[in-house]
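**Q** Residues per chain, in single letters:
Number of protein chains: 2
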Amino acid sequence: MADLRRDPIVGRWVIVDTDHPNKPEDYEYEQHLSKAGVCPFCYGNEPMTPLEIDAFRDPSTAPNTPGWQVRVVPNKFPALQIEGDLDRRGIGIYDMSNGIGAHEVLIETPYHNKDIPDLLNEEIEKVIMMCCRRAQDLIKDKRFKYIMIFKNHGYAAGASLQHAHTQIIALPMVPKNVMEEIRGAFNYFQYRERCIFCDMIRQELQEGERMVFENKYFVSFCPFVSRFPFEVWIIPKKHNGLFCHLPQEEIPALASILKETIHRLKKVFPNLSYNFIIHTSPANSDTDGFEGYHWHIEIMPKLTRVAGFEWGTGFYAVTTPPELAARYLKGIN
Amino acid sequence: MADLRRDPIVGRWVIVDTDHPNKPEDYEYEQHLSKAGVCPFCYGNEPMTPLEIDAFRDPSTAPNTPGWQVRVVPNKFPALQIEGDLDRRGIGIYDMSNGIGAHEVLIETPYHNKDIPDLLNEEIEKVIMMCCRRAQDLIKDKRFKYIMIFKNHGYAAGASLQHAHTQIIALPMVPKNVMEEIRGAFNYFQYRERCIFCDMIRQELQEGERMVFENKYFVSFCPFVSRFPFEVWIIPKKHNGLFCHLPQEEIPALASILKETIHRLKKVFPNLSYNFIIHTSPANSDTDGFEGYHWHIEIMPKLTRVAGFEWGTGFYAVTTPPELAARYLKGIN
Numbered sequence: 002m003a004d005l006r007r008d009p010i011v012g013r014w015v016i017v018d019t020d021h022p023n024k025p026e027d028y029e030y031e032q033h034l035s036k037a038g039v040c041p042f043c044y045g046n047e048p049m050t051p052l053e054i055d056a057f058r059d060p061s062t063a064p065n066t067p068g069w070q071v072r073v074v075p076n077k078f079p080a081l082q083i084e085g086d087l088d089r090r091g092i093g094i095y096d097m098s099n100g101i102g103a104h105e106v107l108i109e110t111p112y113h114n115k116d117i118p119d120l121l122n123e124e125i126e127k128v129i130m131m132c133c134r135r136a137q138d139l140i141k142d143k144r145f146k147y148i149m150i151f152k153n154h155g156y157a158a159g160a161s162l163q164h165a166h167t168q169i170i171a172l173p174m175v176p177k178n179v180m181e182e183i184r185g186a187f188n189y190f191q192y193r194e195r196c197i198f199c200d201m202i203r204q205e206l207q208e209g210e211r212m213v214f215e216n217k218y219f220v221s222f223c224p225f226v227s228r229f230p231f232e233v234w235i236i237p238k239k240h241n242g243l244f245c246h247l248p249q250e251e252i253p254a255l256a257s258i259l260k261e262t263i264h265r266l267k268k269v270f271p272n273l274s275y276n277f278i279i280h281t282s283p284a285n286s287d288t289d290g291f292e293g294y295h296w297h298i299e300i301m302p303k304l305t306r307v308a309g310f311e312w313g314t315g316f317y318a319v320t321t322p323p324e325l326a327a328r329y330l331k332g333i334n
Numbered sequence: 002m003a004d005l006r007r008d009p010i011v012g013r014w015v016i017v018d019t020d021h022p023n024k025p026e027d028y029e030y031e032q033h034l035s036k037a038g039v040c041p042f043c044y045g046n047e048p049m050t051p052l053e054i055d056a057f058r059d060p061s062t063a064p065n066t067p068g069w070q071v072r073v074v075p076n077k078f079p080a081l082q083i084e085g086d087l088d089r090r091g092i093g094i095y096d097m098s099n100g101i102g103a104h105e106v107l108i109e110t111p112y113h114n115k116d117i118p119d120l121l122n123e124e125i126e127k128v129i130m131m132c133c134r135r136a137q138d139l140i141k142d143k144r145f146k147y148i149m150i151f152k153n154h155g156y157a158a159g160a161s162l163q164h165a166h167t168q169i170i171a172l173p174m175v176p177k178n179v180m181e182e183i184r185g186a187f188n189y190f191q192y193r194e195r196c197i198f199c200d201m202i203r204q205e206l207q208e209g210e211r212m213v214f215e216n217k218y219f220v221s222f223c224p225f226v227s228r229f230p231f232e233v234w235i236i237p238k239k240h241n242g243l244f245c246h247l248p249q250e251e252i253p254a255l256a257s258i259l260k261e262t263i264h265r266l267k268k269v270f271p272n273l274s275y276n277f278i279i280h281t282s283p284a285n286s287d288t289d290g291f292e293g294y295h296w297h298i299e300i301m302p303k304l305t306r307v308a309g310f311e312w313g314t315g316f317y318a319v320t321t322p323p324e325l326a327a328r329y330l331k332g333i334n
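Chains as they are written, first to last, in my numbering: chain A, 2 to 334; chain B, 2 to 334.
Next up, chain A with everything else stripped away, as it sits in the complex (with noise of 0.2 Å):
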């Protein structure tokens, strides 16, 4: 019989199919499209994309020439603009805002054909480093109530250009599923006066079936309610709420389980497609409420088609256990 498994956060129930679960081979999962074109992100090109907002580069160069090493641009064509005063107004029984925001892609290497795995320790962490200047500059304006920071890779995971980038979104209000999170962990937090993402830590690294990787200063794991197969989690062993105030000294360890991490996926799934998110604690609020959250990255592979019973309900059904996805992760199957 199937497990129900019970996500301790936010109280999401999960189908996970013990019984008859699928290997890597059982998936079909959609390859990498090559777009044909010129890129805007490659090397060479700076004047086909906005200008650059902040990049390392050679001290010699200039922006929007070559140079750099990671390179920030607006987004040409941006959900959200970041001019103009918030304005909040009601429409019957519906309510409305105009659309303020930031909508930022970080270009993390002038190689057109890199994915994360294929970049060098360093290159990683100037990319984690970009991420985590660029939200504390953006936090800095007090219209912005939480920074998101996530990668699209490969078609099926949503990427509209090929070449490697992450996106950073400045938002006026903390979405709703980040405030659940946030909540979720507030609720522990009052009743045990523990961190729930600390106690996760204990006992994944305790009952270790779950483990994919492990260093100073991460983890990264399966988590016991993934929410789609092959699903992995990478959080700092050290207690912190907001990606931003990553310490200097944790930035090698994060570069380098995140590479390791995305290397055994794309091991045992050869062009993968993926989303990463990093969740982390909201900007500009009245900090009460936070106490207890603890920011992590939640890599989804693309390997499902997601179906009307999830969108319907928030009910997934994962076709892979954890425990199973880990082994092969670990290179044990």
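Hints listed in this document are in silico derivations from the structure and should not be mistaken for laboratory results.
Honestly, I wouldn't trust all of these hints.
[Unchecked claim] Below, computed lysine to aspartate or glutamate pairings styled on EDC-like, alpha-carbon distance capped at 16 Å:
{"hint": "1", "chain 1": "B", "residue 1": "K260", "chain 2": "B", "residue 2": "E215"}
{"hint": "2", "chain 1": "A", "residue 1": "K177", "chain 2": "B", "residue 2": "E182"}
{"hint": "3", "chain 1": "A", "residue 1": "K127", "chain 2": "A", "residue 2": "D59"}
{"hint": "4", "chain 1": "A", "residue 1": "K127", "chain 2": "A", "residue 2": "E251"}
{"hint": "5", "chain 1": "B", "residue 1": "K115", "chain 2": "B", "residue 2": "E261"}
{"hint": "6", "chain 1": "A", "residue 1": "K24", "chain 2": "A", "residue 2": "E324"}
{"hint": "7", "chain 1": "B", "residue 1": "K177", "chain 2": "A", "residue 2": "E182"}
{"hint": "8", "chain 1": "A", "residue 1": "K77", "chain 2": "B", "residue 2": "D18"}
{"hint": "9", "chain 1": "A", "residue 1": "K77", "chain 2": "A", "residue 2": "E53"}
{"hint": "10", "chain 1": "A", "residue 1": "K143", "chain 2": "A", "residue 2": "D88"}
{"hint": "11", "chain 1": "B", "residue 1": "K77", "chain 2": "A", "residue 2": "D18"}
{"hint": "12", "chain 1": "A", "residue 1": "K239", "chain 2": "A", "residue 2": "E251"}
{"hint": "13", "chain 1": "A", "residue 1": "K177", "chain 2": "A", "residue 2": "D96"}
{"hint": "14", "chain 1": "A", "residue 1": "K146", "chain 2": "A", "residue 2": "D88"}
{"hint": "15", "chain 1": "B", "residue 1": "K239", "chain 2": "B", "residue 2": "E251"}
{"hint": "16", "chain 1": "A", "residue 1": "K331", "chain 2": "A", "residue 2": "E215"}
{"hint": "17", "chain 1": "B", "residue 1": "K260", "chain 2": "B", "residue 2": "E126"}
{"hint": "18", "chain 1": "A", "residue 1": "K77", "chain 2": "B", "residue 2": "D20"}
{"hint": "19", "chain 1": "B", "residue 1": "K77", "chain 2": "A", "residue 2": "D20"}
{"hint": "20", "chain 1": "B", "residue 1": "K238", "chain 2": "B", "residue 2": "E251"}
{"hint": "21", "chain 1": "B", "residue 1": "K24", "chain 2": "B", "residue 2": "E324"}
{"hint": "22", "chain 1": "A", "residue 1": "K267", "chain 2": "A", "residue 2": "E26"}
{"hint": "23", "chain 1": "B", "residue 1": "K177", "chain 2": "A", "residue 2": "E26"}
{"hint": "24", "chain 1": "A", "residue 1": "K177", "chain 2": "B", "residue 2": "E261"}
[To be verified] Restraint ranges, calculated between C-beta atoms of paired labels, are given here:
{"hint": "25", "chain 1": "B", "residue 1": "Y112", "chain 2": "A", "residue 2": "N285", "range": "53 to 63 Å"}
{"hint": "26", "chain 1": "B", "residue 1": "H240", "chain 2": "A", "residue 2": "N334", "range": "50 to 60 Å"}
{"hint": "27", "chain 1": "B", "residue 1": "Y112", "chain 2": "A", "residue 2": "S286", "range": "27 to 37 Å"}
{"hint": "28", "chain 1": "A", "residue 1": "P248", "chain 2": "B", "residue 2": "E84", "range": "47 to 57 Å"}
{"hint": "29", "chain 1": "A", "residue 1": "I92", "chain 2": "B", "residue 2": "K268", "range": "28 to 38 Å"}
{"hint": "30", "chain 1": "B", "residue 1": "I94", "chain 2": "A", "residue 2": "P60", "range": "46 to 56 Å"}
{"hint": "31", "chain 1": "A", "residue 1": "N334", "chain 2": "B", "residue 2": "N122", "range": "46 to 56 Å"}
{"hint": "32", "chain 1": "A", "residue 1": "K217", "chain 2": "B", "residue 2": "C43", "range": "53 to 63 Å"}
{"hint": "33", "chain 1": "B", "residue 1": "D20", "chain 2": "A", "residue 2": "G45", "range": "37 to 47 Å"}
{"hint": "34", "chain 1": "A", "residue 1": "K77", "chain 2": "B", "residue 2": "K268", "range": "38 to 48 Å"}
{"hint": "35", "chain 1": "A", "residue 1": "D119", "chain 2": "B", "residue 2": "T66", "range": "31 to 41 Å"}
Just so you know, even glycine gets a beta-carbon here, dropped at the ideal spot from N, CA and C.
Let chain A serve as the given structure and place chain B on it in line with the hints.
**A** Chain B only, in chain A's frame:
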């Protein structure tokens, strides 16, 4: 500038691109895949499915033989199993339960290539009647707290078989998203002593710009806070919390609006993949707290790939405003 719109029921914010909205021709949605092989849902192939649970069939014919118009069978690969007692337990900080439930498939037509718009009204009425009958039967089992009825049509919507079918799942707990919707509607009811869905119908009929179709008992419209482009809801005009309490006299009107709405979607998007989900009140629950809920159908066309942004936050970006989508569905554009 884009709109930010807030769902009045669950509090979700979405970004609606009113500046550069996508037209139907801007979507590259996937085509249906015709699967090779023998279809187990086709007329004459009855022995290929598990034993029939219920059917509308010629009274002179035996179960599991031809002679049927609508047929319900257990899912051959059920997510949940019907035998056993519910056994909930904890593992450290996690909670789990065994996978008790029911998972049935309603085969809508004996013909392999027909979708809802290709069926006669009387045939769709039989599908609806059978959905009600199965829900009424399943809620007699006190272990089941929620009966979910949904349809995955087409490859991109997660269907594994092309032959038109609806799925019925009985769950031993109320899914999180359903509970949120019910709580949101209840909060509104407590505050205003009115049903939020009834208010929504009133406002949509009055404003008119998101309306798609209307008959004596039902309306269909593109919701103000659509999560997906060309999303359409069908709602009964008369307040009713439970789908399976659908009055007999409303069935022809529901068949007609369902056929008309999906017909219009497929006129704009030939070979469209879509999901629909019947949102209804829980079964076998304390009915306090469910006042103010109003059953309805949510139809979600699969025109875009859902990316990291949506998964991470529940903060959807909608590339065609519902007002424009409704114009296309009404044939005005």
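**Q** Do the alpha carbons of A:K177 and B:E261 lie within 16 Å of each other, as the hint requires?
**A** 34 Å, violated
**Q** Just to be careful, I want the Cα atoms of B:K177 and A:E26 compared with a cutoff of 16 Å; is the pair within it?
**A** The hint is violated at about 32 Å.
**Q** For a C-alpha distance cap of 16 Å, please report whether B:K77 and A:D20 respect it.
**A** 14 Å, holds
**Q** Is A:K143 within 16 Å of A:D88, Cα to Cα?
**A** Status holds; Cα separation ~14 Å.
**Q** For the pair B:D20 and A:G45, does the Cβ-Cβ distance stay inside 37 to 47 Å?
**A** 31 Å, violated
**Q** Is the Cα-Cα distance between B:K260 and B:E215 16 Å or less?
**A** Satisfied, since the Cα-Cα distance of roughly 12 Å is no more than 16 Å.
**Q** Quickly compare the C-alpha distance for B:K115 and B:E261 to 16 Å and report which way the hint goes.
**A** 15 Å, holds
**Q** Taken at face value, is the distance from the CA of A:D18 to the CA of B:K77 at most 16 Å?
**A** Distance of about 14 Å is within 16 Å: holds.
**Q** Take the C-alpha atoms of A:K24 and A:E324, compute the straight-line distance between them, and say whether it is at most 16 Å.
**A** The given pair, whose Cα atoms are some 12 Å apart, holds under the 16 Å limit.
**Q** Straight-line Cα separation of A:K177 and B:E182 no greater than 16 Å?
**A** The hint holds at about 13 Å.
**Q** Quick check on a hinted range of 53 to 63 Å for A:K217 and B:C43, using CB atoms only.
**A** About 60 Å separates the Cβ atoms of A:K217 and B:C43, which means 53 to 63 Å holds.
**Q** Sort out whether A:E182 lies within 16 Å of B:K177, counting only the CA atoms.
**A** 13 Å, holds
Hints 23, 24, 27, 33, 34 and 35 from the earlier list are contradicted by this structure; the remaining hints agree with it.
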